[in-house]
Amino acid sequence: MSESRELLALRSVSKSYGQVPVLHGVDLSIRDGEFLAVLGPSGSGKTTVLRLIGGLESVSSGAIYLDGRDISAVPINRRPFNTVFQDYALFPHMSVAANVGYGLSVRGRPKAEIGKKVAEALDLVQLGAFANRQPAQLSGGQRQRVALARALICEPRLVLLDEPLAALDLMLRRQMQEFLKSIQREIRTTFLFVTHDQEEAIALGDRICVMEGGYIRQIGTPHTLYYRPNCPFVARFFGDNNLVPGTLGAVDGDLRAIDTALGRLVCSTGGDTALMQAPEGTAAFAAFRPEALRPAVEDDVNRFSGTLSEISFHGAATIAHVATTPGDVRLRLRLASQVEGIALGEGETLALGFSPAQSHLVLA
Amino acid sequence: MTASLRPASLFLALVTALVGIVLYCPLLVPILSSFFTVTHGQADWSSPTFAAYVALAQNDDILSALRATMIVGFSTVVLSVSIGTLLALYHNGRGAGAALLQFLVFLPFLMPPIITGLALLIFFREVEFPRSLVTVVIGHTVFVLAIVYRTVLTRLRSLSKTLVEASLDLGASRWQTFWRVILPNIAGAMAGGAVLAFALSFDETMITILVTGTTSTLPVRLWAMMRLGFSPDINALVALVLMFTILLCILAARLLMPAKDRAAH
Amino acid sequence: MRPSLTPRGLLLAGLAFALPVVLIVVPLAIFVVYSFFSVDHGTMVYTPTLANYGRFFTDPVFIPVLVTTCILCVSVAVICVVVGYPVAYFLASLRGRWRYTLLLLMLVPLLMSYVIKIYAIRSILGQNGFLNAALMTLGIIDKPSSLFVFNLNAVLLALTLLLIPFAILPIFLSLERIPGNLLQASYDLGATGTQTFLRVTLPLSLPGVASAASFVFVLAIGDFLTPQMVGGTSSFTFSRIIYSQFGAAFNWPFGAALSIVLAIVVILAILVGERFGQQEAAR
Chain V
1 MSESRELLAL RSVSKSYGQV PVLHGVDLSI RDGEFLAVLG PSGSGKTTVL RLIGGLESVS
61 SGAIYLDGRD ISAVPINRRP FNTVFQDYAL FPHMSVAANV GYGLSVRGRP KAEIGKKVAE
121 ALDLVQLGAF ANRQPAQLSG GQRQRVALAR ALICEPRLVL LDEPLAALDL MLRRQMQEFL
181 KSIQREIRTT FLFVTHDQEE AIALGDRICV MEGGYIRQIG TPHTLYYRPN CPFVARFFGD
241 NNLVPGTLGA VDGDLRAIDT ALGRLVCSTG GDTALMQAPE GTAAFAAFRP EALRPAVEDD
301 VNRFSGTLSE ISFHGAATIA HVATTPGDVR LRLRLASQVE GIALGEGETL ALGFSPAQSH
361 LVLA
Chain A
365 MTASLRPASL FLALVTALVG IVLYCPLLVP ILSSFFTVTH GQADWSSPTF AAYVALAQND
425 DILSALRATM IVGFSTVVLS VSIGTLLALY HNGRGAGAAL LQFLVFLPFL MPPIITGLAL
485 LIFFREVEFP RSLVTVVIGH TVFVLAIVYR TVLTRLRSLS KTLVEASLDL GASRWQTFWR
545 VILPNIAGAM AGGAVLAFAL SFDETMITIL VTGTTSTLPV RLWAMMRLGF SPDINALVAL
605 VLMFTILLCI LAARLLMPAK DRAAH
Chain W
630 MRPSLTPRGL LLAGLAFALP VVLIVVPLAI FVVYSFFSVD HGTMVYTPTL ANYGRFFTDP
690 VFIPVLVTTC ILCVSVAVIC VVVGYPVAYF LASLRGRWRY TLLLLMLVPL LMSYVIKIYA
750 IRSILGQNGF LNAALMTLGI IDKPSSLFVF NLNAVLLALT LLLIPFAILP IFLSLERIPG
810 NLLQASYDLG ATGTQTFLRV TLPLSLPGVA SAASFVFVLA IGDFLTPQMV GGTSSFTFSR
870 IIYSQFGAAF NWPFGAALSI VLAIVVILAI LVGERFGQQE AAR
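Chains as they are written, first to last, in my numbering: chain V, 1 to 364; chain A, 365 to 629; chain W, 630 to 912.
These are computed hints drawn from the structure, not numbers from a lab.
Keep in mind it's a predicted model, so treat the numbers as computed, not measured.
We put the beta carbon where it would ideally sit given N, CA and C, even for glycine.
There's no promise every hint is true.
To be verified - Covered, in the sense of this in silico footprint (three residues per stretch, anywhere, with C-beta under 8 Å from a C-beta of chain W), are these stretches of chain A:
id	segment
1	515 to 526
2	598 to 610
To be verified - Cut-off 20 Å, straight-line C-alpha distance, at most; resulting in silico cross-link-like pairs (SDA-like, lysine to any residue):
id	chain 1	residue 1	chain 2	residue 2
3	V	K116	V	S105
4	A	K525	V	Y17
5	A	K525	V	A167
6	A	K525	V	N77
The shape of chain V in the complex, shown without the other chains (with noise of 0.2 Å):
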């Protein structure tokens, strides 16, 4: 991936309303082929970014790059990036086919080209057959993938996809994700889909970029994110995460020592710069997975006690909260579930531990 060329960038770009800013000086660069996430809560500036690049919105200060030149000021009907919209925006008057007809339909394109082409895209989305419905007779899903196959159309150097799966229900939610990956490697554009939600980040970028409030706080691969968070934001807003707060202790090769409320910990600093240079006495967080939690074993460095509270069951994992001694400090702690049920039962007081490899200094 990473030899792969860039795109699009976008270069110190703001964005306000009016007084209220939403994007502040935001650096971002979007490889060709890649199938970017941009994560965040509502009122991130996710949706914004989407915009700017489509040509929805206009910068108001930094610019926006296409293979080197500056396209800021490009009138959206120019760029040549299509958007899925997240109500789809279906033309209501029109059939299928004319919804995925319109963008060669408006550049004059010959009628006969027009037919061949939106048969091939309605057979990549695998709705071949419903060219001559109108979209109100459609479901949630094939709307969806009408929405998909007029964006495609035009052959877009970048497709942008802004929550598209987000009205849709868990189950058709899961195929749609699986069938966005396989048409993207397909087709082997390039995607850049907005979400708020985790899990359809992992599951489907290539690369995700966290946003909140107005600013990009880390871009990487899922597994960088999830294991490697850079920031307390990103270690809570990506999954399930134990973080407790310290100061910064002594370097040991990749290791470093934080001081907390559960007494001397080690965990990894992951070779970052920035963590193995901060000096002692710097606040910071030492972020443990509940899956990385479990009972101690003999040479622990880390190594607490903690009593087990409202196990619950959760399917693949069973979840217990954990008050720990010294400190009293929440955690939770995730084990693979058992038929028989897992050995542990509530109000038990056990010693527990994880292993530095397991664990990641997050700065405050």
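Since the structure of chain V is already known, use the hints to place chains A and W on it.
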């Protein structure tokens, strides 16, 4: 809320039926009178006749008034639908002062017709514009503009904003977007507004009385005749006008209803 | 996004406002200015004066007529709401097609010719009308009653008959907007049908009642034809007096001044209706 056959519901149904009868009474009287000879409130039910309709076909005075009404109605429709639609588009496109514009357009509709009519009367006199069917058309257009404006604006607002964005995003120009996306979607509302505008213009009496010249529309002719009492052919005309109005109502309902169904999706 | 004040935006705004300004604002402005002119022996005097307003307040005729007219129109509004509410409630309690079909049936008379309706009402109410004939046939009275012939009672009845549909519609719409689960919640909490109506349905439908009443009032007070047609020579209403200033009396400036008074009353009625409606809705 469900209607069960409790005494309360029965009472409500009865009141509704009574009100319905009372509302339709004034409409039935002339229709019946057009087929039967009525003297001193007593109808002669024994001998239905079309004599009144024959007489109507020969009443040039009424027929020319009817023609004037039609001309005024269609001119009003053309003017109010085109102006109303343009203003609604301006409003929906976040044009400057949209709220003020809406207020101005609504003024003649909210103010009593006597005020709208008198203001126009004085205006026409001051700019020395002779009163004629043209002034009637202007008066009607000013009056019904609010209806068309509102109908079209409501439909425009119910259209998802992303439809326009999607069209532009797919490479269409603003002009193409208007013709191929916006217009087909507001055509129904424009037609419904047109029918309402025609119905209102067809029946407008108070403003018309104030701004009309020598030739006038049917309601004003009827009003003038009413003081002397109606001849039977007027009853025939009334019956025909009522039937025509009912047809217009059905048409307007048809044109405006599908919008509701569509909005439900 | 704020409205753009670019040259193109200003040009568009100019075009959009041109017609409403010429045909609505200018006539109304001239109208207001006219109310400060006067007439001397049939000629207009274009010197500003407050005499017209002075005459309205000092002449013993106009204020009593205005008060009578207001009482008349408030009565019409009250009767329309009282009669219209049960109808609207019944319509709103129906399901499916019937609901809108019946509603439409109730509204169709609105689109029927206004003059013809007045004419028909007159022939029903008149000395030799259907009403008297029916009452006599039924033996309730033995000679034609003149209770509803060419007087304010007739005007009241005629206006009510004409305007009831205007009361039904807003009340129906406000009743229709009440979510069914609110009523279910009320029943669920142990309220009876009457309690539910008085404590849930009625308060929530008051905005509709308020706009219905102000609607009917405004339409009734501006009507100068109905009083003339069914009210005979004696029952003067305010609008009729205004109209006469532009006909027989030929005093346009004074008519304009009286119209301004009427407009103020109408605006007050609309504001009261709106205010009341919004307050209730906010609760």
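Within 20 Å, alpha carbon to alpha carbon, are K525/A and A167/V?
holds, 17 Å
Do three or more residues of the segment 598 to 610 of chain A come closer than 8 Å to chain W, measuring C-beta to C-beta?
Contact hint for the segment 598 to 610 of chain A vs chain W: holds, 5 residues under 8 Å.
Is the listed coverage of the segment 515 to 526 of chain A by chain W valid when you require three or more residues with a beta carbon under 8 Å from a beta carbon of that chain?
violated (count 0)
Decide if the proposed pair is consistent with the structure: K116/V and S105/V, CA atoms, cutoff 20 Å inclusive.
Holds: K116/V and S105/V sit about 12 Å apart, inside 20 Å.
What's the verdict on K525/A and N77/V, does the C-alpha distance respect the 20 Å limit or exceed it?
The given pair, whose Cα atoms are some 16 Å apart, holds under the 20 Å limit.
CA of K525/A to CA of Y17/V, is that 20 Å or under?
holds, 18 Å
Figure legend: structure checked against the earlier numbered hints; the only hint not met is number 1.
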